[in-house]
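J.: Read top to bottom, the protein sequences are chains V and E. Positions 1 to 399 (our numbering) are the ones given, in order, by the first sequence. Positions 400 to 926 (our numbering) are the ones given, in order, by the second sequence.
Everything labelled a hint here was simulated from the structure, so no lab data went into it. Backbone N, C-alpha and C define an ideal beta-carbon position, used for all residues, glycine too. Check each hint, because a few of them may be wrong.
As the list claims (entries may be wrong) - Short derived list, chain E residues pointing at chain V, Cβ under 7 Å:
#1 Asp504
#2 His516
#3 Ala520
#4 Asp588
#5 Glu592
As the list claims (entries may be wrong) - Looking from chain V toward chain E, a few residues come up when the C-beta cut is under 10 Å (computed):
#6 Ala9
#7 Gly30
#8 Tyr31
#9 Glu122
#10 Leu125
#11 Arg126
#12 Trp127
#13 Val133
#14 Asp141
#15 Thr186
#16 Ser249
#17 Pro251
#18 Arg252
#19 Pro256
Stated by the list, open to error - Far from chain V, some chain E residues (derived; all Cβ distances over 12 Å):
#20 Met491
#21 Ser514
#22 His530
#23 Lys577
#24 Arg655
#25 Glu776
#26 Pro793
#27 Ile831
Residue-level listing of the chains:
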Amino acid sequence: MNFVRVLRATPFHPRTAPLVRAQTWRRWAGYQVASAYEPHPDREYAAIRNAAGLIDVSPLHKYLIGGPHAARLLDRMVTRDVTRCELGQVLYTPWCDGDGKVLDDGTISRLDSRTYRLTSAEPNLRWLHMNAVGLDVTIDDVSAQTAALALQGPNSRAILQALGANVGNLQYFRLTHTNVRDIPLTISRTGYTGDLGYELWVRADDAVRLWDALIEAGTAYGIVPAGIWALDLARIEAGLIMLDVDYFSAPRAIIPDQKSSPFEINLGWAVSTSKGPFNGQRALDAERARAQQWAFVGLEIKWDSLERLFAERSLAPQLPTVAWRTSAPVYSGDHQVGYATSGCWSPLLKKYLALAHIQAPHFGVGSRLQMEITVEHRRKRADAVVRKLPFFDPERKRA
Amino acid sequence: MSAARYDAIVIGGGHNGLVAAAYLARAGKKTVVLERRHVLGGAAVTEEIFPGFKFSVFSYVVSLLRPEIIRDLDLPRHGLQILPLESTVTPMDNGDYLAAWGDADESRFELERHSPHDAEAMVEFGRLMHHMAMAVKPILGMLPPDPASLSPSDLKGLLKLGGHFRSLGAERFHALHKLMTMSSADYLDEWFEFDTLKATKSASGIIGTFLGPRSPGSAYVLLHHYMGEIDGAFRAWGFQRGGTGAISNAIASAARALGAEIRTEAAVERVTVSGGRATGVALANGDELSAPIVVSSLDPRRTFLDLVDPKALPADLVTDVRRYKFRGSSGKVNLALSGLPDFTCMPGVGPHLRGAVSISPSVEYLERAYDDAKYGEFSRHPYMDIVIPSMIDPGMAPPGKHVMSIFVQYAPFQINGGWDDAKRDAFGNAVIDTVSRYASNLKSLILHKQVITPADIERITGLSEGNIFAGELALQQLFFLRPSAQWAKYATPIDGYWQCGSGTHPGGGIMGAPGRLAAQQILKAAR
Chain V
1 MNFVRVLRAT
11 PFHPRTAPLV
21 RAQTWRRWAG
31 YQVASAYEPH
41 PDREYAAIRN
51 AAGLIDVSPL
61 HKYLIGGPHA
71 ARLLDRMVTR
81 DVTRCELGQV
91 LYTPWCDGDG
101 KVLDDGTISR
111 LDSRTYRLTS
121 AEPNLRWLHM
131 NAVGLDVTID
141 DVSAQTAALA
151 LQGPNSRAIL
161 QALGANVGNL
171 QYFRLTHTNV
181 RDIPLTISRT
191 GYTGDLGYEL
201 WVRADDAVRL
211 WDALIEAGTA
221 YGIVPAGIWA
231 LDLARIEAGL
241 IMLDVDYFSA
251 PRAIIPDQKS
261 SPFEINLGWA
271 VSTSKGPFNG
281 QRALDAERAR
291 AQQWAFVGLE
301 IKWDSLERLF
311 AERSLAPQLP
321 TVAWRTSAPV
331 YSGDHQVGYA
341 TSGCWSPLLK
351 KYLALAHIQA
361 PHFGVGSRLQ
371 MEITVEHRRK
381 RADAVVRKLP
391 FFDPERKRA
Chain E
400 MSAARYDAIV
410 IGGGHNGLVA
420 AAYLARAGKK
430 TVVLERRHVL
440 GGAAVTEEIF
450 PGFKFSVFSY
460 VVSLLRPEII
470 RDLDLPRHGL
480 QILPLESTVT
490 PMDNGDYLAA
500 WGDADESRFE
510 LERHSPHDAE
520 AMVEFGRLMH
530 HMAMAVKPIL
540 GMLPPDPASL
550 SPSDLKGLLK
560 LGGHFRSLGA
570 ERFHALHKLM
580 TMSSADYLDE
590 WFEFDTLKAT
600 KSASGIIGTF
610 LGPRSPGSAY
620 VLLHHYMGEI
630 DGAFRAWGFQ
640 RGGTGAISNA
650 IASAARALGA
660 EIRTEAAVER
670 VTVSGGRATG
680 VALANGDELS
690 APIVVSSLDP
700 RRTFLDLVDP
710 KALPADLVTD
720 VRRYKFRGSS
730 GKVNLALSGL
740 PDFTCMPGVG
750 PHLRGAVSIS
760 PSVEYLERAY
770 DDAKYGEFSR
780 HPYMDIVIPS
790 MIDPGMAPPG
800 KHVMSIFVQY
810 APFQINGGWD
820 DAKRDAFGNA
830 VIDTVSRYAS
840 NLKSLILHKQ
850 VITPADIERI
860 TGLSEGNIFA
870 GELALQQLFF
880 LRPSAQWAKY
890 ATPIDGYWQC
900 GSGTHPGGGI
910 MGAPGRLAAQ
920 QILKAAR
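Input sequences plus hints: build the corresponding full structure.
T.: Listed below in structure tokens is the structure:
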């Protein structure tokens with residue numbers, strides 16, 4: 001065999017690879033990324049909530065949209081009003097097909113007066129081009145050239161400041177262009193953890209140098225490289241949805257029920273009622289006028305109930321050690337009224353949490369439901385209560 | 400001499416004949432299968448053409464075999480074992496290649512190298528074709544209703560079909576309409592920009608037909624081949640351990656276990672008919688066998704024009720069968736090799752040698768190959784689908800040696816001046832010369848070669864004009880028109896005489912569906 005085919009390595013691979021002690025790798029968009037560096041993600045998760053976690057998020061798809069009509073292109077594509085996006089602002093938004101079903105979700109960063117960066121979970125180059133017909137725009141896929149790190153946690157600001165980055169006044173969902181040790185980078189106050197945190201966007205060639213600088217300056221502040229397992233715990237606590245886990249991109253759906261509108265995945269707030277025409281607008285206007293059929297909510301599985309169900313088999317409650325991503329039926333009485341798509345034991349809140357799709361009229365906060373769990377090979381239903389999302393929302397996130 | 404008596408006689412030991420016999424035997428019918436050759440399988444045979452080298456002489460891969468047949472006849476117990484054929488590599492004329500690997504990420508990255516647009520479009524295209532195959536697949540297991548008939552069963556069938564299409568939804572119905580009417584090249588143009596990708600995909604739309612990638616109707620054939628990718632377990636094309644003959648043998652073994660008798664070297668001369676009823680068959684050796692049920696698995700021309708006296712049939716049926724298009728358009732070159740070919744685009748031994756190598760560098764290349772055939776010549780530079788079965792199943796060749804199977808299109812049955820030994824040699828040389836353009840060491844590896852023209856296919860298997868699907872897989876020859884309106888439900892105008900070959904609905908490929916559906920009809924009629 002004179003060639004070997006492997007998954008792609010991110011620009012940080014030379015630094016991350018030696019740290020993965022138990023070979024716990026996973027795939028993300030065709031890249032090889034760490035599930036955890038330590039055999040267990042506890043310390044990595046704790047760093048995100050207690051110090052700072054450093055997460056390689058380079059597999060995100062990244063596009064630069066430029067030209068006189070850049071804002072028009074994005075505005076026509078996504079559900080939020082891009083024309084009101086200020087210089088240095090970042091918008092989180094879903095985007096839909098013509099039927100108002102979600103294709104993907106991501107961020108739009110306004111880098112200068114007429115250049116935007118779009119990030120997404122799925123490739124969107126073709127969709128951008130399909131929407132760009134007749135518009136004076138340039139569209140560049142910079143996914144491979146741009147490395148991205150998430151620095152998340154209460155000490156993240158201090159670490160960046162220790163490196164001389166002027167982020168003291170950087171507001172939530174704003175970005176700044178700066179230099180760290182002569183490395184040009186863009187810092188946005190964004191993330192996927194619901195905590196104080198930043199995402200760092202840098203040329204792939206500078207990736208390793210930036211990593212080294214962060215580790216060097218961050219060690220005194222407890223910086224810890226964190227993998228996807230830790231990130232997953234944090235994002236469930238933050239009530240943030242994940243494509244291909246909590247919902248599916250409309251073109252990938254095999255049956256219509258597998259598609260979701262923004263309203264059905266808790267992103268109704270991101271559908272503008274005042275902006276100009278955009279993909280799915282008519283369908284979404286019509287949906288807004290109807291009573292909501294499905295909602296995406298938080299569930300807290302009651303400890304007493306878990307304890308009781310496990311005690312029936314003389315066991316202590318067994319809890320998931322990492323987040324699960326399967327589907328668990330949710331009941332009201334004898335009727336299935338929805339399904340949970342992600343769940344975890346929150347080490348911080350000391351609660352068993354899940355994210356779930358629930359049908360009307362059962363999705364109101366405080367609704368009492370049951371979620372299926374397996375106790376010693378037998379299916380049981382544990383009591384669960386609908387909770388407001390996010391489960392965890394610290395002051396420091398926005399402060 | 401009194402004739403041996405059976406409940407049912409099946410003429411032809413191809414896979415459909417064997418499937419029909421197994422189902423008839425399972426229902427308690429005393430059944431015999433009569434095969435002209437010494438080997439069972441028809442076009443699905445494995446033969447040791449050269450000592451130590453085994454070849455799937457004609458049909459060489461499988462994916463359409465109906466899962467209900469696999470279950471009903473418990474074929475895995477009788478030797479069915481499908482090994483994965485995971486990749487397709489297309490050498491390009493600039494020395495590069497296009498590969499489709501078994502892994503979705505790897506395939507996406509590979510396609511992104513050539514066209515990021517197409518890499519994204521492929522996801523949606525794959526989903527749509529999946530939907531289309533899902534939409535069409537139930538029809539494969541459905542008795543074709545006659546749209547011109549007012550009989551309750553036909554109306555019921557039409558209603559079922561109408562309901563099925565309504566359930567598709569507008570988007571998919573429109574896509575299905577396009578697949579039914581467009582050329583594969585036009586259809587693929589709507590989705591993709593990378594020529595080699597379009598060529599490799601559109602090649603599926605021409606196999607076994609006398610169509611080019613730009614001929615309307617070829618898009619449906621593309622879908623027919625896509626269906627292989629979504630079978631019950633949604634498996635891709637695979638390779639039967641021991642070659643396709645092992646599939647035929649597995650079905651034969653199941654049929655025997657169910658009580659069927661199978662005779663080889665038992666050529667049927669004609670079907671005996673008395674008072675408008677089939678009474679049995681007369682063999683070439685003079686023997687006569689009698690049975691109230693006679694089933695022909697041969698193609699429509701042999702079934703209606705050779706085995707019975709056409710004068711005993713309605714003139715319109717005879718006309719339909721005469722009009723039915725065979726037009727064999729493909730040939731095969733089987734090579735015994737002393738080692739592995741070295742492809743310029745991907746040198747050395749690699750995973751590409753465990754998959755298919757498609758010689759389809761551009762749509763124009765394929766269309767020009769068709770142009771040659773259109774005017775009565777074999778393609779000077781043909782489309783080829785190459786596999787090396789010994790890389791997947793080492794038992795096919797002596798250790799360290801290999802067998803290479805080259806499916807070749809176009810090689811028209813109706814070639815200018817007719818096929819003869821000189822033409823066969825020229826055809827074989829054109830094939831080997833063309834493959835050598837992409838794998839320069841090939842000629843030095845060849846220990847033996849077997850070149851099969853459509854005339855050879857007809858001579859050896861009996862398939863008229865060497866058509867591998869027992870009649871072109873064209874829209875005007877499908878469903879309630881296969882092989883003829885009114886006679887698409889396996890019955891014939893002669894009572895007790897039935898058809899069950901690939902020339903009937905739903906058609907060719909190692910699918911088995913015609914054999915099963917025919918047996919069900921026969922048993923229903925016998926009740």
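J.: Run every hint past the structure and note whether it holds.
T.: So, going through the hints one by one against the coordinates:
no.	hint	result
1	Asp504	holds, 4 Å
2	His516	holds, 5 Å
3	Ala520	holds, 6 Å
4	Asp588	violated, 15 Å
5	Glu592	violated, 10 Å
6	Ala9	violated, 12 Å
7	Gly30	holds, 4 Å
8	Tyr31	holds, 9 Å
9	Glu122	holds, 8 Å
10	Leu125	holds, 5 Å
11	Arg126	holds, 4 Å
12	Trp127	holds, 8 Å
13	Val133	violated, 14 Å
14	Asp141	holds, 6 Å
15	Thr186	violated, 23 Å
16	Ser249	holds, 9 Å
17	Pro251	holds, 5 Å
18	Arg252	holds, 6 Å
19	Pro256	holds, 8 Å
20	Met491	holds, 17 Å
21	Ser514	violated, 10 Å
22	His530	violated, 8 Å
23	Lys577	holds, 18 Å
24	Arg655	holds, 41 Å
25	Glu776	holds, 39 Å
26	Pro793	holds, 17 Å
27	Ile831	holds, 25 Å
In this structure, the hints that do not hold are numbers 4, 5, 6, 13, 15, 21, 22, in rising order.
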